[in-house]
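**Student:** Letter by letter, the chains look like this.
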Amino acid sequence: MTSAPSSRPFARRPDWGAWLGVAPFFLFAAMFLIAPTAWLLVGAFEDRDGAFTLANIARLGQPSIRLSYWLSLEVSAASAALGALFGLGLALVALCGGLPQWVRPTLMTFSGVASNFAGVPLAFAFMATLGRLGLVTVLLKNLGVDLYAAGFNILTFWGLTVTYLYFQIPLMVLVVAPAIDGLKPEWAEAAETLGASPLQYWRMIALPVLMPSALGAALLLFANAFGAIATAYALTGSSFNIAPILLYAEIRGDVLHDPNLGYAMAVGMLAITGFSNLAYLALRSRSERLR
Amino acid sequence: MRRGRLGAWAAVGLGAVYLLAPLIATFEFSLRMRRGAYSFDAFRAVFASGKFHQAFLYSTVLALVTIVVAAAIVVPTACFVRLRLPRLAGIVEFITLLPLVIPAIVLVFGYIRLYGSSSVLPLTSTSLGADALLMFGYVGLGLPYMYRAVDTALQAIDARTLTEAAESQGAGPLTILIEVMLPNIRAGVLSGAFLTFAIVIGEFTMASLLDRSAFGPYLQLIGASRAYEPAALAIIAFALTWACLGLIQLVGGAPPAAARR
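First to last, the sequence lines map onto chains A and B.
Numbered per my numbering, the first sequence spans residues 1 to 291.
Numbered per my numbering, the second sequence spans residues 1001 to 1261.
Everything labelled a hint here was simulated from the structure, so no lab data went into it.
Owing to the predicted nature of the structure, the values given are computational and were not obtained by experimental measurement.
Positions of the beta carbon are idealized from the N, C-alpha and C atoms, including for glycine.
Be careful, since some hints might not be right.
[Claimed, not checked] Chain B stretches covered by chain A per the calculated footprint, using a threshold of three residues with CB under 8 angstroms from any CB of chain A:
#1 1025–1037
#2 1074–1088
[As the list claims (entries may be wrong)] Listed below are the simulated SDA-like cross-link pairs for lysine to any residue, each with C-alpha atoms no more than 25 angstroms apart in a straight line:
#3 A:K184 - B:A1011
#4 A:K141 - B:L1019
#5 B:K1051 - B:R1032
#6 A:K141 - B:K1051
#7 A:K141 - B:A1227
#8 A:K184 - A:C96
The task is simple: from the sequences and hints, build the whole structure.
**Tutor:** Here it is, written out as structure tokens:
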């Protein structure tokens, strides 16, 4: 690179200086993002002797693994669907409900914090809230509603789902807010001029416009929950076998007694988060074009 | 209209209850350690513990190193891609999104196998090597946020004119990067830094699987063995997250959309 004034920023010859500047980034990506993933990807399709096989993938169908995937899918889908629904509702109400100015920034700031409040501390917070001795459990019991007698337990499917919602709803608010801001006031005015009721406006104009963004965001929430492990692990130990917890146990102690099967498990998870993230990106670019 | 607004208040109120109840409950729980009276005993027990200090210090130092390394990787890349290698923009953006696609547990599994004791680069067999591996893992976790924050800040300034002005004064590329670009995108770098800090300070999966005595695994251990300290720790962690996100608003960086683990 020369330090002379560059009158030709896009010179034909390779810009070695600039390439040198981005080299650490690509080295980092190769060593700590791509190579480790590629290693698992290759291992998932090899047998113990290194020959190509699909047997590892096929063995993901064995009951214990299939059950863990299924549990993960259920928790992720439930927390994503409910999170998307409540998050969209909350964002709509806060942004277009005619509430005072301060509601919006307060909700957005709090959502920024809450969507990042996950992992082990979140599990602690929900133990203290909805655990057997949690404040809400005890309060409701005093009011005559015994959650635990009714079959609720924080260590089960619904317990985990309610806990995940604590970061899913705020995440939905953050992701969908720009799409709601994209609704043009002229549309509502035009609809009103043409005699549409507010309900008709929402049902026939606003919601269809929001739909791709909302669906995409729900997929993002799904992937977000699917890869998460810390909250579930801290909440339930290893008693609630979602896929990442089984993989965690496998990495720790080779519980599957087969390293290649471990790789296949990891690749299975990667396929699911990868697919939902790609679908999210596709839907997002679609809704950006619509705007 | 009036009834509509009442409904809106009810909905927001319900949301507020769901979002605030766990915080109130956790705080109340953390005060219950002494029988019969509210006290800060759980907090005192946490702060008096040597393990807490050790784990917290470890994670803080690691987070700071992570931030410096992440900035050193991201700032030059974002600048050069914007100014001189625009055709790399697509691939670079794709790479910065990878950590959102690859679950942390999958990534660290790859690390353990690729950099395990029998590999070419056995990082996990020394303590310092494992620390470095965890640090690079955290650089990855923070990458999407750091890159977005820096790139957004770059978008807001006229980087090309600034660079040309500096070049015409005879500044070299390193000088331009550190003395011209960096001060102008400080808000972006800082908001990326605070978000990275918030993400990695209590991170559990990678730290635990690489056997580092970091804050995340410490939290998990306390959760499995104590009753009231976990609630106090959850309040501390929430305050930390709040502080990091508050600092982002203070430095005027872009708000973190789609922040997630």
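**Student:** Could you run down the list of hints and mark each one as holding or not?
**Tutor:** Outcome of the hint check:
1. 1025–1037: With 5 residues close enough to chain A, the hint holds.
2. 1074–1088: holds (count 10)
3. A:K184 - B:A1011: holds (23 angstroms)
4. A:K141 - B:L1019: At roughly 21 angstroms apart (the allowed maximum being 25 angstroms), B:L1019 and A:K141 satisfy the hint.
5. B:K1051 - B:R1032: Holds, because 22 angstroms separates the two Cα atoms, which is no more than 25 angstroms.
6. A:K141 - B:K1051: The hint is violated at about 37 angstroms.
7. A:K141 - B:A1227: holds (21 angstroms)
8. A:K184 - A:C96: holds (11 angstroms)
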